[in-house]
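J.: Place chains Y, V and A on chain Z using the hints.
4 protein chains.
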Amino acid sequence: MTSSPMTAADIQAHLDASPFIAFLGLHCSELDAEAGTLAMTMKLRPELERAAGTGQFHGGAVASLIDTVGDFAVVMVVPGDVPTINFRVDYLRPSTGPHLLGTARVRRVGRTVGVIDIDVTDEAGRLTAVGRGCYGVPKV
Amino acid sequence: MTSSPMTAADIQAHLDASPFIAFLGLHCSELDAEAGTLAMTMKLRPELERAAGTGQFHGGAVASLIDTVGDFAVVMVVPGDVPTINFRVDYLRPSTGPHLLGTARVRRVGRTVGVIDIDVTDEAGRLTAVGRGCYGVPKV
Amino acid sequence: MTSSPMTAADIQAHLDASPFIAFLGLHCSELDAEAGTLAMTMKLRPELERAAGTGQFHGGAVASLIDTVGDFAVVMVVPGDVPTINFRVDYLRPSTGPHLLGTARVRRVGRTVGVIDIDVTDEAGRLTAVGRGCYGVPKV
Amino acid sequence: MTSSPMTAADIQAHLDASPFIAFLGLHCSELDAEAGTLAMTMKLRPELERAAGTGQFHGGAVASLIDTVGDFAVVMVVPGDVPTINFRVDYLRPSTGPHLLGTARVRRVGRTVGVIDIDVTDEAGRLTAVGRGCYGVPKV
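Those protein sequences? They're chains Z, Y, V and A, same order as listed. Under this note's numbering, the letters of the first sequence match residues 1 to 140, in that order. Under this note's numbering, the letters of the second sequence match residues 141 to 280, in that order. Under this note's numbering, the letters of the third sequence match residues 281 to 420, in that order. Under this note's numbering, the letters of the fourth sequence match residues 421 to 560, in that order.
The following block holds chain Z by itself, in its conformation from the complex:
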């Protein structure tokens, strides 16, 4: 893992430029290119609830957090346009607000694909979902 010229602020600028990610309100909270980890938070809003008043995120919002933080973990290592090839989400518990934290960890970024693990935890630190994504690596 080589250190990257990208900062959390750079990634935040990309997040804010995407209408769908802006709707989710993702915030890049941690970036450690040496360690291969990247984290984002997502704050509960009524529009993100699975059912009104539950205080629980819809699974689609959780999946979107997973896909996005996994994608930018590759961008952090190899800057450029990174398409998601596929990903898997396992839901372990209801994802309750007020915030979720999605933490991506690079398992391997090769020449053509990158494989990233993403853990989602709630404010109490409980693991609510896990993701694993495969992404296309930009040509350097």
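Think of the hints as simulated: they come from the structure by calculation, not from any bench. The reader is advised that the hints may include incorrect statements.
As the list claims (entries may be wrong) - List time: in silico DSS-like cross-link candidates among lysine-lysine, alpha-carbon distance up to 30 Å:
id, chain 1, residue 1, chain 2, residue 2
1, V, Lys323, A, Lys463
2, Z, Lys43, Y, Lys183
3, Y, Lys279, A, Lys463
4, V, Lys419, Z, Lys139
T.: Only chains Y, V and A this time, still in chain Z's reference frame:
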């Protein structure tokens, strides 16, 4: 596959009651419990774009469509509360508007889990993404 | 989908050259490059049972069948060395002998990856497992 | 995670009783029920090679190792018969002998399903594949 007492209108009422699904604007367009198929459409709106002006849905919106139509395909067969256990999404092409169609097909609904395949096509009928989900089956 | 110069006999020769696949005893039973489908059979032997005398294949043998027929479905379309990037298996029922049939269907083969669906059925035609694989596409 | 009455020797006895696992030659090398980790080794033999003389395991053997160690990680926590519901394998590098080590880590074992991560490393400690499995939990 036994026929179900649920109609497309019943499922639409569930969709509209979820704030996140209402944001996505999913519309239940086809239900055939005998055949084990269920379809929903999603209309492009600026908030669903991956990047402004591209006319392409963000992958998180596509994943949310897949998860939702897969989930309700189980509900169609065994009415009740159906948690997503896990799902996988493979993106095959950019998902371009103005509409996407997500079509779920029941592969098997057993006593504890249901496995559903979901194809996503654009208005030209091109396959843009495929999903496969595993869902908990309500106790009858 | 363009037609391929590979025949079922060509693929069988590749299968027989792999010690692990030869152990499994896979037989290429159908190839239709135009339709994008490829099928292989696997015969139950005592060494492939999950528990002695059950008449049921071990899940690892089923997964190996899925991976192999999916891989050669890409080879059928774009001849060359095709690495598996990742795959998913869902087990729907016990996989009972005397034979299993694994049928691969090309969902899309692009420039860098191919996505293949694989259905596994027993002699009674019951679906016992489904696979979905993502494979690297050889440079033409 | 509660401590389990199962020992590595108990699990080894189960492995040896399965014809297919006995063919693979899996050896239970580490069990820590408190930590939720379980490890098995697989030794390269000519019959497990993807191509003769490569010194590399076939991906189906690697997938079988992943499925098996993940399954027994659930057994370790909740003894009984544990069916694999589904699993995913991502191949990161060729899996070279003379031994592979598959290490399972419990992410969550709930009332109905358990989710397990499995890392596969070669003798040099390089990560060659990662698995994630979902298993049925025996009724206590």
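J.: Return the numbers of the hints above that this structure violates; sort them in rising order.
T.: Failing hint: just 3.
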